[in-house]
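J.: Take the sequences, apply the hints, and build the full model.
Protein chains in written order, with my numbering: chain R, 1 to 156; chain Y, 157 to 272.
Be aware that a few hints might be false.
Facing chain R, from chain Y, some residues (calculated, C-beta under 10 Å) [as the list claims (entries may be wrong)]:
#	residue
1	G191
2	V192
3	E193
4	S194
5	I259
These aren't lab readings, by the way, just hints derived from the structure by calculation.
Ideal placement from N, C-alpha and C gives every residue a C-beta, glycine not left out.
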Amino acid sequence: MTIKSRFKVLDNRLGVKASFLPIGVTIAGNPERLAFILHRITGIILVGFIAAHIISTNTLARGGWEAWIEEVRNLEGLNPISLLFIIAMGALSFHSINGIRLIMVEFLSLWIGRPEKPKPPYDPPSLKSFQRKAIYATFILALIAWVAIIYVMLTW
Amino acid sequence: MVRPGYLSLIQYVSAIILIFLVLWHLILRFPPLQGVESFIDTMKPEILYEEITVYGVLLVLLLVAVVFHGVNGIRSMLLEWSSNKYWTLIVNLLAIIVFLVLIVVGIHTVLYVTPP
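T.: This is the structure:
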């Protein structure tokens, strides 16, 4: 890694801004950063979706089954509400599959290889083990899961 | 006051619980499993009423795990903005209020649903 690209890496230190400005982050050679930012963005989307889901399913207790049937009709075909639902399902696919990877890496300390002494070119050692493959697998599996959910939603 | 380390541990444990419960929650919307023809039909009153009455405890467990995981996640993101004492207090209070409101609304759904 050259000195110039080293400065590029330093530019990545956007802190919390990175959660809201993913375009400002250089992810070249480090898919973990992309996974980290996507995990946060999908988490924010999911909190909104879950709050809306809990409140909308409460229609059952508040308005009875007639109100519920009206509510469910909003998900029929392609419309703004079903589109939001599809986006939430995409967020759910990525967040849950990446979450499994995070449990393996952060909670169980698997897939990250052995710790080593930092030496030039300071490539992250955590990405030298199975983790890099696991991150790519996460992106692919999340996409497959999302397509499968959309297929069930729109064609069944 | 709960120590931050415990909250982090509960965050991971709730994530592990959620992997199974969310998968179960999604599988229940799979039309062939319910013997219906479409995704929309899996949310028919008879099917949902049976689901809520039979699996009420699991739904409440899913509710508690998902609301805790979500609210605590947003709380830790907001706490990264600042380490100010008042900001921390406001964020923690708001997190507790949102957590309780969503839990109460969710439990209300499970307890007060009437037969179709």
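J.: Does the structure break any of the earlier hints, and which numbers would those be?
T.: 1
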